[in-house]
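First to last, the sequence lines map onto chains A and B. Using numbering that gives the first Met the number 0, the final residue of the first sequence is 323, and nothing's skipped along the way. Using numbering that gives the first Met the number 0, the final residue of the second sequence is 247, and nothing's skipped along the way.
Hints in this document: simulated from the structure, not taken from any laboratory.
Each computed DSS-like pair below joins lysine-lysine, with the alpha-carbon atoms no more than 25 Å apart:
(1) B:LYS25 <-> B:LYS66
(2) B:LYS74 <-> B:LYS103
(3) B:LYS103 <-> A:LYS190
(4) B:LYS61 <-> B:LYS74
(5) B:LYS245 <-> B:LYS8
(6) B:LYS61 <-> B:LYS8
(7) A:LYS190 <-> B:LYS115
(8) B:LYS8 <-> B:LYS74
(9) A:LYS190 <-> B:LYS106
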Amino acid sequence: MKNNKSFIGNMFHKNGRALGSMGYFALLMIVFLIGAPEAWMRPNLHQSVFVMMPTLIFLTLPLVFLVASGEIDLSFASTYAVAAYVFAIMAKSGIDPALAILAGLMTGTAIGGLVGALIVVFRLSSLVASLGVLFLLRGIILLLTNSRSITLLEIDSHWIYPVLVGKFYGFPMQIFWAAIFVIFCYYLFTKHVFGVHIHHVGDNSVSAEQMGINVNAVKIKAFMFVGFGAALGGIFTTLITYTFFPTQGFGYLLLALAAVFVGGTPYWGGLGTIVGAVFGVGIIAYMEIGIVAIGWSGTWRQFFNGLIILLALLGHRLHGERVR
Amino acid sequence: MQPIIELEKVTKRFGGITALNNASLKVNKGEVVGLIGDNGAGKSTLIKTLVGVHNPDDGDIKIRGDKVNNWNALKAREAGIETVFQDRALCPQQSIVWNIFMGKELKYPFGFIRDKEQITEANRLIREIGFTSKLINAESPVGNLSGGERQGVAIARAIYNNAELIILDEPTNNLSLNETQKVFDFVLNVKKSNRSVLFIGHNIYHVYDISDRFVILDRGEVVHHLDKENIQSPEELMKIMRDTIKSH
Chain A
0 MKNNKSFIGN MFHKNGRALG SMGYFALLMI VFLIGAPEAW MRPNLHQSVF VMMPTLIFLT
60 LPLVFLVASG EIDLSFASTY AVAAYVFAIM AKSGIDPALA ILAGLMTGTA IGGLVGALIV
120 VFRLSSLVAS LGVLFLLRGI ILLLTNSRSI TLLEIDSHWI YPVLVGKFYG FPMQIFWAAI
180 FVIFCYYLFT KHVFGVHIHH VGDNSVSAEQ MGINVNAVKI KAFMFVGFGA ALGGIFTTLI
240 TYTFFPTQGF GYLLLALAAV FVGGTPYWGG LGTIVGAVFG VGIIAYMEIG IVAIGWSGTW
300 RQFFNGLIIL LALLGHRLHG ERVR
Chain B
0 MQPIIELEKV TKRFGGITAL NNASLKVNKG EVVGLIGDNG AGKSTLIKTL VGVHNPDDGD
60 IKIRGDKVNN WNALKAREAG IETVFQDRAL CPQQSIVWNI FMGKELKYPF GFIRDKEQIT
120 EANRLIREIG FTSKLINAES PVGNLSGGER QGVAIARAIY NNAELIILDE PTNNLSLNET
180 QKVFDFVLNV KKSNRSVLFI GHNIYHVYDI SDRFVILDRG EVVHHLDKEN IQSPEELMKI
240 MRDTIKSH
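Based on the provided sequences and hints, a complete structural model is requested.
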């Protein structure tokens, strides 16, 4: 038992932030359960949450990597639409939808890589530069589509549709894909050399460089992963709704970022939690849908979103300051 | 005998400042070389150029006689050169084990980390270096450690790979007497196993005690190569150093 204290200390250091977000999620559930038990018992509340959650998970988890590496990206909300546009226009023109999905994913990854290279090579502020790219890409999409949406009504006759977004014993397939994505991200972040390097680069990039880690390459890969996640989100949403619309994804910008930080990943880099971010997504998704479901006016939604984000941040403060 | 590493007439500039001017230096197998010089003489720049953190503007770097191209920090480590940097080069929010294996992780195919093996090795290493606190194990974050213990982690990282040349940049800075002695013991052990050490310091007494050869750096230039046989005492070494600085 001599190492008991340090064991608990290490457990807390490693998992405290994830446990914290789990706590806030549980608390939110209890508040809903007590506040509006009837609405809570209705399955359609949870169904709508489960439709929303996979997309948010695809967007949020890669952002954990990027924030832990010491950068941030806002452009993902537009990359989302560009990738979905590439997919939609290709599928519409008669190209095999499976190939169109692949092309969309590659587009998203490539955009992420370009944004990352721009920021890393020219040493730009990732916040400001990606804000620029956010508007730039959205502008390009609006110009290309003339602000018109693309409908893909025949898409469900292709085999890929039921595989990705069909129903499996009543459960939407995207839940399973999101679950696989969570497991993949968890191992990539904590057990893979890429995730380990992300931690080192975000913690102390000078040290990482001195130890032979290619800091710029690690950061660019993190941006690429964010682009890939955004493309996944955009393509899944387009499949689910049978429609590409040019403003698609914009609404997820702040929600996905909120989920990262509510989930317990600090803004300063070097730390992050995938499990926490999943609960962060849960909190955000239930807030979005729950407020309306319990019969309150939608006008309360933003107020409560803000309140929850602030309370969660104050709570995560208990995990301490940045260690130097 | 082939030197492990050689710098030949290396020049490094930062903007308008020449940090290294035509500096040459070599380290042979099994010897301890002491690099001394005043603050700002260019000691750390020389080290960082040697291990590929900075790219030289002019001059050559040779490893075991062969000139290297596109030299960088990873290549230096792969060539068997490990460095304990002055700032320790640690990531304080990460665990001891992640810091020890930083940049040279033990991997399965596809890049997954050999977690258990790394932890076992790290625990063995920190006992070997002599961490005193029982509360410390390989999974503790480095941020919880004292200055001496952090130096221990940096040294553990340098010894794990059985490097042929270990470079120690001001390794005794901010260390207690006891910890300083541990660093000396470590250097002597490396030498005993016929490997080499490049020891940088501004404490002449420390450098004198453990080095076989001295290199004096002044304002970016290597001004003296001295064998220990020709120097009777640290005071004499100190005098030579003072005289060169004055005459400059």
